[in-house]
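Trainee: Since each chain comes alone in its own frame, lean on the hints to assemble the complex.
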Amino acid sequence: MQLGFLVDLHLCMGCKGCEIACKVENEVPLSTWRLRVKYVDVGVFPETKRTFTPLRCNHCENAPCERICPVSALHYLDNGIVNIDKERCIGCAGCVMACPYGAIYIDPETQTADKCTYCAHRVASSMMPACVVACPVEANIFGDLDDPISNISKYIQSNSDVQVRKPEKGTNPHHYYVGGGNVQLNPLASERVEGYSLFNKLTTKMPVGGHH
Amino acid sequence: MVHETLAATHAVVTLDVGLPGIVWPWLVTINMWAKSIGTGVIFMLFYLLKNYPSESGNLRFPTTVVAIVFIHIFLLFTLADLHQPLRMWHIFFYPHWTSAITVGAWMATIFVGLLFALAFFSAEYGKILKKNDAAFDKLLFWTVLLAIPVTLYTAALMSQATARELWQMPTETAQMMLAALLAGSATMILLGKNLSYEAKSSLGVILGLSALAAFIIYQSELVFGPMKAEEVGAVLEYIKGNGEYATMFWIGQFVAYLLPILLITLSRVGRSESILQLAAILALVGLWIVKHVWLIIPQLLPMS
Ligand code: SF4
Ligand code: SF4
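Going down the list, the protein sequences come from chains A and B.
For the first sequence, this note's numbering assigns the number 1 to the initial residue and increments by one for each residue that follows.
For the second sequence, this note's numbering assigns the number 213 to the initial residue and increments by one for each residue that follows.
The set of hints was computed from the structure by calculation and includes no laboratory data.
You may find that some hints are simply not true.
[Unchecked claim] Below, computed lysine to aspartate or glutamate pairings styled on EDC-like, alpha-carbon distance capped at 20 Å:
1. A:K169 - B:D293
2. B:K452 - A:E138
3. A:K166 - A:D85
4. A:K86 - B:D293
5. B:K262 - B:E442
6. B:K405 - B:E267
7. A:K16 - A:E138
8. A:K166 - B:D293
9. A:K154 - A:E138
10. A:K23 - A:D85
11. B:K262 - B:E384
12. A:K16 - A:D41
13. B:K440 - A:D85
14. A:K86 - A:D147
15. A:K169 - B:D349
16. A:K86 - A:E109
17. A:K23 - A:E138
18. A:K16 - A:E27
So that you can see chain B by itself, here it is in the shape it has in the complex (with noise of 0.2 Å):
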C-alpha cells in the first residue's frame, strides 16, 4: 500500500539525521549460534541414551563438555556485545522480570550449573572423580528440561523488540527449537565418531526433517510475509530480487538447509558416513548465514 502511497506523493526525506547503524551485530548471530549448538547436543545425547544406550554411554562427557564449551561461547558473546559489560551484575541485582533477556540470563546460569554437575558425574580422573552413570542420566533428564526455555528465550527476546514485526511470528519460536535439533544433531554426527552407522544415519534424519521443517517455514515467510504488516513486507525486500541481503539469504538457505538434506539423502543410498560428516559441516556453517541474515535484515528499516 505504502509503495502507491509513494509513487502519489513523491515524498522524499529531503533533511534528517542518518539511519541507525546495526544495533545488534555479528556478535548476537555467535551468541544465537553457540546457544543452539550448546543446548542441541544435550537434546541429542539423551535421544542417543535412549535409543542406543551401549553405544552412546561413552559420549556422555565428550558432549557435555562441548555443551560447556558452547554456553560459554555464547555468554561470552553476550558480555561481548553489552556496552557495560562490568555492569552485567545489574541483571542479578536488579532483575526486571518482565525481560526476556533477565529471564534468559538466570536461565542460562542454572542450565551452566547443571551442566557442570552433568560434568562432575561423567568425569573419571584416580580415585578423585568417579562416573556415576544413574546420577547423570537422572540429572540429564532435568537438564533437557531447562534446554527447552534455555533454547526458546531469544524467541521470547527478539518478540519483545516490538519495533521488528519480522520477529514478532509465533514461527521465531519454531526456528529456534529447530535451529537447536539441526545443530545439535550436526555436532553430535561429528563427534560421535564411534557411533553405529544406524545411529548417525538417525541424527541424519533428525537433521534433514530439522532442515526440511526450517526451510519450510523461511520460504512460507518469504511468500506470506508481506500479507501480515506492512513492515514486514519492506524488511523481505532486502532478501529479494537484488536486495542486499538476498544473496547471502539463499547462501545460507542452500547451505544450511538443501545441501545438506540432499546429502543426507546420498549418504542413506550409499550408506556413506563421509557424507554425513560433510552434511553436518555444511549445515552448521549454514545456520550462522540464516541467522545472520535474520537478524540484520530489520534492523535496515527506518523505525522514524
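For reference, chain A alone in the conformation it holds in the complex (with noise of 0.2 Å):
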C-alpha cells in the first residue's frame, strides 16, 4: 500500500476549511499549520485571477526529512506514511533545514518537530484524513496509489496535467496536483509583499521554521 494525495486545483475555491479541520483535529498550536491554503493573485487589474493552492507535506518516497533525523523520529508507515514520533525528536530542527517544501515547524509548545501525517490515527481507523472529509468541493483526494481502482489512481491515469513541487528535488513526493501551474507550484514564481499574512502580528511562542 502506498498513500497518496491529489488536490484537483480546478475545483479548490479557498475556503480554507481543510485547514482549520486540519487543526482542530491535530490540535495544532496557535500560529503553526500542519496545512495552509496560499492565495497567489496573477496579472494586472483588470486581468486578474486569484489561485489558491492547499500545502502540506508530500510524504516523499525518498524523504530528505527521514534521511538527516538523527533518531528516526521521521519515519516511514508500512502505507507509506511519513510519520512523526513526537516523543523520540530532540528538536535538532534537520529536518525543518532538509524539507524542501517548508512542510515542518517546530511545535513552540512541545519544542519538537511536527508535519501533516495524513491524519495516520485515522487512517489506522479507516477514516479518512480530517482535510478531506471537510473539504466541501472534494479537490482533496486521497487513497492507494498501488490500487489502480483506487479514486487517485483513476486522477492520475485520467488527467494529462498532473504534477509534483519541486521535481528537481528527486524526493518523488506521493502528493500530486491537477491543474496548477508555475505560480502555484513554485514559491520563487511569486512576490510576497510585507503583510500579506495571517497573524503576522503573533509575537508570542513563535515556531522555528516552517509557517508561521
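Mentor: Right, here's the structure in full:
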C-alpha cells in the first residue's frame, strides 16, 4: 500500500476548510500550520485571477527529512506515510532545514518537530484524513496509489497535467496537483509583499521554521 | 528565468502564513567556528611536530587544551541549539546512521576521548602525571586522521539539508577543510609565542593560502552559482548589490581573507611577528562572519 494525496486545483475555491479541520483534528498550536491554503493573485487589474493552493507534507518516497533525522523520529509507516514520533524527537531542526517544501516546523508547545501525517491516526481506524472530509468540493483526493482502481489512481490516469512540487529535488512526492501552474507550485514564481500574512503580528510562542 | 515569469505574470502572494524565521541561528555559526579551531589546531600541531620538532615540543599540552576547549564550545552550542537538549542521549540509543548528525555526534565523541588521552600523555604533574611524547605522537597521528571527518561532517550535514541548494555543492567540503586550516594556523600563530620566526612564517603561509583558496571559491560561487540552480541564484541575491546581507558578506571576505593575505605579505617583507598576529586575529574574527552569512542566507528564501 502506498497512500497519496492529489489536489484538483480546478476545484479548490480557497475556503480554507481543510486548514481549520486539520488544526482542530491535530490540535495544531496557534501560529503553526500542518496544512495551509496559499492565495496568489496573477495579472494586472482588470485582468486578474486568484489562485488557491493547499500545501502540506508530500510524504516523499525519498524523504530528506527522514534521512537527516538523527534518531529516526521521522520514519516511514508500511502504508507509505512519513510519520513523526514526537517523543523521540530531540528538536535539532535538521528536518526543517532538509524539507524542500517548508512542510515541517518546531511545535512551540512541545519543542519538537511536527508536520502533516496524512492523519495517520485516523487512517489506522479506516477513516479519511480530516481535511478530505471537510473539503466541500472534494478537491482533496486521498487513497492508495498502488491500487489501480482507487479514486486517486483513476484521477492520475485520466488527467494529463498531474504535477508534483519541485520534481528536480528527487524526493518523489506522493502528493500530486492537477491544474496547477508554475505560480502555484513554485514559491519563487510569485512575489511576497510585506503585510499579506495571516497572523503575522504574533509575537508569543513563535515556532521555529515551517509556517508562522 | 523566474524573473521573466514574475514580470509577465505579476504574481503576488496575497494571503498566506508568515515566512519561517531562521531555523539554525548564530548558535550554529559558533558551532562551526569553534569546531574549525578545535580540529585545525590539531592539524597544525602535527605539522609543527613534523617540521619544527625541537621548538614545537612544548606545544603538545597547550594545543591539546585549546582543542579540548574549542571542541567543548562546539558541543555546548550544538546542545544549546537543540529544542530538546535533555534528549541528546537519543542519538546514542536510537542512532539513525543515514544522518550526518548521528555520524558526526559519534565521531566527535570519539575525538573528545582521543583529545583527553593526548592531554594525559602530554601533562606533567608531580608523580601522578608523566609526559610520554612517543605515545603522544603515535596517538596524535590517529587523532589527526579522525579530525578530518570531524571537520568535514558538517559539510555532509549541510548537503543533507536538501532544501538549501546553496550548500549542495561539493565545494562546501573544501570550505570546511580550508576553514580548519585557516583557523588552526591563526590560533597556532597566537599560541606559539616561542616559535621561531620561520615556524610562524610557515603557519602564515598556510593561513594565507587557505584564505586565498576560500576567497576564490566564494567568489566563484557568487559568479557561477546562479548557473547551477534557480534557488542558488535567488539566495545569492541576498549578498549582491543592496541585498540584506551584502555588507556583512563583504566585511567577512575582507576581514577573513583579503586583509590577512595583505598583512601576511607585509609581515614577510618586514619579518614582523606583530603584523602576522594581527592577520591571525582578523582571520579568526572574519571566519565567524563568513560562516554566519553563508548559514543564514539560504534560510531567508521561501520554500513553499
Ligand atoms: S514534504 Fe518535507 S516533510 Fe514531507 S516527507 Fe517530504 S521532505 Fe519530509
Ligand atoms: S527535529 Fe526531531 S524529527 Fe526533526 S530531524 Fe531533529 S530529531 Fe528528527
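Trainee: Next step is simple, just say for each hint if it's right about the structure.
Mentor: Here's how the hints hold up against the structure:
1. A:K169 - B:D293: violated (27 Å)
2. B:K452 - A:E138: violated (45 Å)
3. A:K166 - A:D85: violated (26 Å)
4. A:K86 - B:D293: Given that 20 Å is the threshold and the Cα spacing comes to 17 Å, the pair holds.
5. B:K262 - B:E442: violated (47 Å)
6. B:K405 - B:E267: holds (11 Å)
7. A:K16 - A:E138: holds (13 Å)
8. A:K166 - B:D293: Answer violated: K166 (chain A) to D293 (chain B) is near 29 Å, above 20 Å.
9. A:K154 - A:E138: With a Cα-Cα distance of about 15 Å, the restraint between K154 (chain A) and E138 (chain A) holds, given a limit of 20 Å.
10. A:K23 - A:D85: holds (18 Å)
11. B:K262 - B:E384: violated (29 Å)
12. A:K16 - A:D41: Since the Cα atoms of K16 (chain A) and D41 (chain A) sit roughly 16 Å apart, the hinted pair holds (cutoff 20 Å).
13. B:K440 - A:D85: violated (36 Å)
14. A:K86 - A:D147: violated (31 Å)
15. A:K169 - B:D349: The given pair, whose Cα atoms are some 46 Å apart, is violated under the 20 Å limit.
16. A:K86 - A:E109: holds (11 Å)
17. A:K23 - A:E138: Roughly 19 Å between the alpha carbons, so the hint for K23 (chain A) and E138 (chain A) holds.
18. A:K16 - A:E27: It holds: about 16 Å lies between the C-alpha atoms, which stays within 20 Å.
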